[in-house]
Amino acid sequence: MRLATTLLLATLALPAEAVAETTLDVAPPREHAYWIGDRLTHRIFLTLPEGHALDRSTLPRPRSVTYWLDLREVAVASVERAGGRALEITTLYQTFYAPLEPKRLEVPAYLLRVNGPEGARDLEVPAWSFFTSPIRPILAPTTPDQLLPDDGYVGIVAQREEIATAVSALLALFGAIGLTWHQAWPPFHRRSARPLAVAQRQVRRLARVSGEVPLRPMCLAVHRGLDGTFRRPLLGADLDVFLTGRPEFAPLREQLQRFFQLSAVLFFAATDARRQADPAIAVPETALPEIAGLADRLAAIERGRG
Amino acid sequence: MIEPTEEPSYIGSGVDRVRGLDVWRASALAAEAAIGRAIIGQQSVIRLILTAVFCRGHVLLEGNVGVGKTTLLRAVAQAVGGPFTRVEGTVDMMPSDFLYSAFIGEDGRPRVEPGPVLEHGEDLSVFFFNEINRARPQVHSLLLRLMAERRVNAFQAEHHFPHLQVFADRNQIERDETFELPAAARDRFFMEIAVAVPTDPRDRRALAFDTRYHDVDALVAEVPAKTLPYRELDAIARRIQEAVATTEALETYVFALWEALREPGAAGIEIEGVDMARLIRGGASPRGISALVRAARCTAWLEGRDMVLPEDVRAVFIPVMVHRTFLSPVYESRREEIMPALVDAVFARVPAPATADPR
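Chains as they are written, first to last, in the working numbering: chain G, 1 to 306; chain X, 1 to 359.
These are computed hints drawn from the structure, not numbers from a lab.
Check the hints yourself; a few may be wrong.
Said to hold, decoys possible - Facing chain X, a subset of chain G residues (Cβ under 8 Å, in silico):
#, residue
1, Ala-75
2, Ala-77
3, Leu-220
4, His-223
5, Gly-228
6, Asp-240
7, Phe-267
8, Phe-268
9, Ala-270
To be verified - Partner residues are not named here, just some residues of chain X that face chain G (Cβ under 10 Å, in silico):
#, residue
10, Val-197
11, Ala-249
12, Arg-314
Given the structure is predicted, the values throughout are model-derived calculations rather than measurements.
All C-beta atoms, glycine included, are put in the ideal place defined by N, C-alpha and C.
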């Protein structure tokens, strides 16, 4: 049976013609036939006079009310009621009480605050109770076949994912290598070529060789170094063009000119026999240290330490 | 011949062997300067023509109309001296027009007299052929023999021209009614020299406004005549070739250039838009490469050296070698674009002196 309680509350300190009633109609759920886990919906209809409002902060919050009772939901709605407007406050409880025999349980009361011109006033929503019963006889035996069977085991076959992961990893690796190569990041960066440093090393190595003075190979080493710096074979006639393009070598102009003269005599003048007979085209004795010195200075300028 | 009046002075002269060549060199440089005063802005062309003169090689000048090709050749002929004759190439010219001059005599009877080539006898020094590409292949073939052997047959006798040097020019403007020189004839020309408008704005201004350059005859007359007597040139040319040394390193260099020009693909040369394997149809001939060495020796001599440097080879490479290099027909129309790129790539590829030099 539905229990309905009407509380009539007269407002205070208001003129007679403005007096209206604050009513609180309570519609609790049925009183009996509940099992563990059942939900109970409790409703209140609150009618407020003009100028009054419910303080919503006083509404109960969904929570674990006690160890066997949860308040799951609280909802407030404005509804039509008896020709006027009323607030419908719905609270949804769930019981987790496991009784050994049918038992009455009480849901505690709580307060709602109403703010009006005359000040705040508390209304009590009264406690209510219901009966709950055990689901099965307490002494009935428990057997494993009463349990639900486990879900079947489904093995996960991850081979495709493993292949996809490997392919993705490879692609990522190749992509990274490609990007590194394209951006010339290490180890794909190219150090600026240092042909003159190579020439210097060769000249130094040749200078240590005992026996006949290796002037020609030394000259060739310097030639190749200069060719590499000029990016094409550098002839003596190109010296001005070379020094215009690489002015850092300009201080060596005279030495380079002497070098090209010496190289011309060594490689393009008459044969050795004729050279020895003609002092005008003989190779000076200072040629070797001159070439070595030139190679050193060229390499130093190339490194930016000239 | 002229004997030296002073001892040779330049460094590296082989003293006795080139005794006298110094004086000739001074004459050559004086002639070069005199021609350079008459024909301004063409120093490199004049140097090349003089090189050809001292190598006894025939010269083909190529260039636009009115850049001074004929004036230049006349000035050189003036310096060289000797009888010269001049022929204008025309489409209806026949080989006999070279040799015979046919006309009706005063007595009303047909007469045949020696034509342009024969009229000066065997002393002919300079043979001008203007607009050579207007003449037909029959004429080219006669010219070929004249250039190669310095001989022609006429009046049932063989005529020999020991001092002959052929100067020819052609313009590049018209293609109608012109005949491309056959490869054999082009190969017989020692040099093909491109003549362009002077690059220096002052020279161009002078050519336009200075009245001195408007009278071609007076201009040519300014060049001292016969400073390079033509009868001596053959002997001088031989002595220059003997006096100027080439070494194994230079031989290696020239050979590498030759190989790279003949087979640029194998030498690793690449030109954009050109299939290098198909580019060269006929490579530079052995005659061409020997001309290159002769011209390089002469250049070295004119520079006052008795040894050929790679620079000397480079200075004459384009005029001596390029016109002897024949491209596949598909590339022949782009010759003016491809050949400079090819020559540049060849020189960028061949080091001097080469590391592989065995010595």
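In rising order, the numbers of the hints this structure does not comply with: 1, 2, 5, 6 and 10
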